[in-house]
Amino acid sequence: MALLQIAEPGMSTEPHQHRLAVGIDLGTTNSLVATVRNSIAVCLADDTGRAMLPSIVRYRADGSVDVGLAAAKAQATDPKNTIVSVKRFMGRGLKDVAHVETMPYDFEDSPGMVRLRTIQGVKSPVEVSAEILRALRERAEASLGGTLTGAVITVPAYFDEAQRQATKDAARLAGLEVLRLLNEPTAAAVAYGLDNAAEGVYAVYDLGGGTFDLSILKLTRGVFEVLSTNGDAALGGDDFDHRLFCWMLDQAAIDPPSSEDGRRLQIKAREAKELLTSCEEAPIHVKLGSGEVVDLVVTRDQFAEMTRHLVQKTLGPVRKALRDAGLAPEDIKGVVMVGGATRMPHIQRAVAEYFGQEPLTNLDPDKVVALGAAMQANALVGNRAADEDDWLLLDVIPLSLGLETMGGLVEKVVPRNATLPIARAQEFTTFKDGQTAMAFHVVQGERELVADCRSLARFELRGIPPMVAGAARIRVTFQVDADGLLSVSAREMSSGVEASVLVKPSYGLSDDEIAGMLKAGVERAEDDMLARALREQQVEADRVIEATEQALASDGHLLDAGERAQIDAAIDTLRKLRDGKDHRALKTGIETLARETDEFAARRMDNSIRAALAGQKIDEIQV
Amino acid sequence: MGVTLSASAAKHVAGFIAKRGKGVGIRLGVKTSGCSGMAYKLEFVDETQDEDLVFDSHGVKVIIDPKSLPYLEGTELDFVREGLNEGFKFNNPNVKDQCGCGESFNV
Ligand SMILES: Nc1ncnc2c1ncn2[C@@H]1O[C@H](COP(=O)(O)OP(=O)(O)OP(=O)(O)O)[C@@H](O)[C@H]1O
Ligand SMILES: [Mg+2]
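One line per chain: the protein sequences are A and B, in this order.
Position 181 (the first sequence) corresponds to 181 in UniProt numbering; numbering is contiguous.
Position 88 (the second sequence) corresponds to 88 in UniProt numbering; numbering is contiguous.
Quick caveat, the hints were computed from the structure, so don't treat them as lab data.
Be aware that a few hints might be false.
Straight line, CA to CA, 20 Å or less: simulated EDC-like cross-link-like pairs of lysine to aspartate or glutamate [stated by the list, open to error]:
#1 B:Lys31 with A:Glu8
#2 B:Lys89 with A:Asp195
#3 B:Lys22 with A:Asp195
#4 B:Lys19 with A:Asp195
#5 B:Lys19 with A:Asp390
#6 B:Lys22 with A:Asp390
#7 B:Lys31 with A:Asp195
#8 B:Lys41 with A:Asp390
#9 B:Lys89 with A:Asp364
#10 B:Lys61 with A:Asp390
#11 B:Lys11 with A:Asp390
#12 B:Lys19 with A:Glu141
#13 B:Lys22 with A:Asp560
Residues on chain B that point at chain A, a partial pick, calculated with CB under 10 Å [said to hold, decoys possible]:
#14 Lys11
#15 Val13
#16 Gly15
#17 Phe16
#18 Lys19
#19 Gly23
#20 Glu43
#21 Asp46
#22 Leu53
#23 Val54
#24 Pro66
#25 Leu69
#26 Glu86
#27 Phe88
#28 Lys89
#29 Phe90
Some chain A residues judged to face chain B by a derived CB distance under 8 Å, without partners named [stated by the list, open to error]:
#30 Gln5
#31 Pro9
#32 Ile40
#33 Ser290
#34 Val294
Beta carbons are placed, not taken as given, at the ideal position from N, Cα and C, and that holds for glycine.
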């Protein structure tokens, strides 16, 4: 039964027409789902009260999939099939991923995006992420008592096209309708700004498990305008763990460890890192597979020293974002800290020093992104009254988009930090007499050389009428939607020949691949259904057998030997079917036994009525 | 008789209004529609209307429009948890039968 929530004045919906919308923070380490309920944004917890779902997926030999804590427990024992920090692989080729040599996975470098060989076959990071999203969707639907209308999913502001598209594909695979991809620091600013009625220019410093974002936003009367954004899509708490892990290997003089030992040591490294946030030193005690014991102590100062370059590395994007916004550190009214890794004292110190003020840590750095996403989702499905506290989001594109020109150079069409959505056109011309086709190569990045940028798509415009070189006018239009996703089209202006391309295929997954995965998902759902049907019939069979045996024990004398043998045979058959796998055959077996005992049941009924009547007569006599 | 809130419902409504930052109370109402004729309405109230009836329950203002009252007379609004789901439930003595959804009913 649906339980009711309190709507905004005049915003009650018809029964069964609730617009259930959620915000999902799909994090490298932890993921969360939040919603606006009774006008308040809340994170939805699982049945043990935990809101954070570890972003860990385990593929098991029996075909089932564990997500979250259950998967986390198998990290060290089944590292190859237990995927952690999958977000780092989204939209990435093998060469783009740092530290692959210390990861326990069996990688397959396929064009565009790396894949992982698991006990359940080759999995794309998109499929792994979809498992996490599916778990959150199921939690949300159980908590809200209905099917979700849609979700806002957050992505690091510094995610490029390929990473955004991969995220959107994962959501589709998980059965979610994506209302919007929202940048994580922007989501945090929405939650912070709406909560504190903040006005002015703020910086959001978001250091999570695997990504770093820095966004500068201007908050004025309900408008959240992103002025600039910068970051590093491969820098986060994981890298601090990795430094400590390398230090441990060095100190304990361990040769390359086995996958299991490697995972064990990495887990310990993270624990020690987190402990150093509240303690001056952390003990490290690990028993390796060989029985050898690693026993170390790391101090806060040692840790700060060995990770100093990582802290410095975050300040580069801070400087660039300020420069792009045309601001100096003292122009910033407040620095909002987001992400679990900002709890580290030396991070807080570095940020305070750079901005000349203590950062704002008065909100939960783990939840704020999901809460902001929920607020945006709630607004997008129309649950909010359009009144004076209406607000508007103006976000930007993190990296420039452009085209390859002669000599392997990049011509920028959409500059970074342009406000979204945006359409920009640029004209090109032919360089040979009579040229009838023109090839385009779409790239993303800030560098001048194509080789240093990320290749997004190639396409060709054909059928250009032959003209002298330089006479054709080819207009290429780039369109970037509010999700930060690009489509490109090209047109010859004198003849109107059109060719267009959606950036998606060359870097994410192709539509065919997605369709295949969706189909596999449906098949899995069917398997689940069959398993459930079998279980239901087994329970029913057990019940029927037990009831029949009880009846035989008490009223067996009502049957002759032949009848009795027939019923016994039917029970036997049913017992065998019960331990089989065929739920339909089992159902037939149950029906057969029911038929065989029909007559017996009727006789028992007569018998008990007679007994009851007989009893009644005795009563009457007594009266 | 009027309309009341259970202690738990009152506590939650008061908490939600405080966190929302504004609101004078909560409106309970009915409208026609739904799979069995009538449907409940549950909304925050920022401004009351002239014809509104106002009840006080555990310190929370319960606001009802006069047309809805006959259908809600004697109703208690409760706050319950069912598994992961939580929310409000109308315990309405006027109801003859209700749709399994709990959102619509017949009198
Ligand atoms: N007390 C702590 N001290 C230091 N680091 C911590 C602490 N608590 C959590 N972390 C670190 O924070 C990181 C996880 O942060 P968070 O949950 O915000 O990341 P995420 O949202 O999953 O990742 P991302 O936003 O990069 O995709 C991990 O590296 C974790 O070790
Ligand atoms: Mg995060």
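Verification of the hints:
Distance hint between Lys31 (chain B) and Glu8 (chain A) is fulfilled; the C-alpha atoms sit about 16 Å from each other, no more than 20 Å. For the proposed pair Lys89 (chain B) and Asp195 (chain A), the alpha carbon gap of about 29 Å is over 20 Å, so the pair is violated. Annotation: proposed proximity of Lys22 (chain B) to Asp195 (chain A) holds, straight-line Cα distance about 13 Å (limit 20 Å). Proximity of Lys19 (chain B) to Asp195 (chain A) is assessed by CA-CA distance (about 10 Å); at most 20 Å being required, the pair is judged to hold.
Taking the CA atoms of Lys19 (chain B) and Asp390 (chain A), the gap is about 18 Å. The hint holds against a cut of 20 Å. In summary, the hint linking Lys22 (chain B) to Asp390 (chain A) is supported, as the alpha carbons are separated by about 15 Å, within the 20 Å threshold. Between the alpha carbons of Lys31 (chain B) and Asp195 (chain A) the distance comes to roughly 34 Å, so the proposed pair goes past 20 Å and is violated. Straight-line distance between C-alpha atoms of Lys41 (chain B) and Asp390 (chain A) comes to about 23 Å, which puts the hinted pair past the 20 Å bound.
Annotation: proposed proximity of Lys89 (chain B) to Asp364 (chain A) is violated, straight-line Cα distance about 31 Å (limit 20 Å). For the suggested pair Lys61 (chain B) and Asp390 (chain A), the alpha carbons sit about 26 Å apart, so the restraint of at most 20 Å is broken. Between Lys11 (chain B) and Asp390 (chain A) the alpha-carbon distance is near 28 Å, which puts this suggested pair outside the 20 Å criterion. Of the supplied pair hints, the one linking Lys19 (chain B) and Glu141 (chain A) is violated, its CA atoms being roughly 24 Å apart against a limit of 20 Å.
Straight-line distance between C-alpha atoms of Lys22 (chain B) and Asp560 (chain A) comes to about 80 Å, which puts the hinted pair past the 20 Å bound. A distance limit of 10 Å between C-beta atoms decides the matter here; for Lys11 (chain B) the minimum to chain A is near 13 Å, and the interface restraint is violated. Evaluation of the Val13 (chain B) hint against chain A yields a held restraint, the C-beta minimum of about 7 Å falling below 10 Å. Interface hint at Gly15 (chain B): satisfied, since its Cβ lies 9 Å from the closest Cβ of chain A, which is below the 10 Å cut-off.
Interface restraint check: Phe16 (chain B) against chain A, minimum CB-CB distance 4 Å, threshold 10 Å, status holds. With its C-beta approaching chain A no nearer than about 5 Å, Lys19 (chain B) sits inside the 10 Å limit, and its interface hint holds. For Gly23 (chain B), the shortest C-beta to C-beta distance to chain A is roughly 9 Å, which falls under 10 Å, so the interface hint holds. For Glu43 (chain B), the interface hint holds, the least distance from its beta-carbon to any beta-carbon of chain A being 5 Å, beneath 10 Å.
With its C-beta approaching chain A no nearer than about 6 Å, Asp46 (chain B) sits inside the 10 Å limit, and its interface hint holds. Using the Cβ-Cβ criterion of 10 Å, the hint placing Leu53 (chain B) at the interface with chain A is not satisfied: the shortest such distance is roughly 17 Å. Hint status for Val54 (chain B): violated, given a least beta-carbon distance of 15 Å to chain A, over 10 Å. Violation of the interface hint for Pro66 (chain B) is found here, the shortest Cβ-Cβ separation to chain A being roughly 18 Å, above the 10 Å cut-off.
Against a cut-off of 10 Å between C-beta atoms, the interface hint on Leu69 (chain B) is violated, since the closest Cβ of chain A lies about 17 Å away. Evaluation of the Glu86 (chain B) hint against chain A yields a held restraint, the C-beta minimum of about 6 Å falling below 10 Å. At its closest, the beta carbon of Phe88 (chain B) sits 4 Å from a beta carbon of chain A; the interface hint therefore holds under the 10 Å criterion. Given hint, Lys89 (chain B) at the interface with chain A, holds; its Cβ is 6 Å from that chain's nearest Cβ, closer than 10 Å.
A cut of 10 Å between beta carbons decides the hint on Phe90 (chain B): the least distance to chain A is about 8 Å, and the hint holds. For Gln5 (chain A), the shortest C-beta to C-beta distance to chain B is roughly 5 Å, which falls under 8 Å, so the interface hint holds. Interface restraint check: Pro9 (chain A) against chain B, minimum CB-CB distance 5 Å, threshold 8 Å, status holds. With a least beta-carbon distance of about 5 Å to chain B, the hint placing Ile40 (chain A) at the interface is held under the 8 Å criterion.
Because the closest C-beta pair between Ser290 (chain A) and chain B is about 45 Å apart, greater than 8 Å, the hint is violated. Taking 8 Å as the C-beta contact cut-off toward chain B, the hint placing Val294 (chain A) at the interface is violated, the least distance being around 41 Å.
Of the numbered hints given earlier, the model fails hints 2, 7, 8, 9, 10, 11, 12, 13, 14, 22, 23, 24, 25, 33, 34; all others are met.
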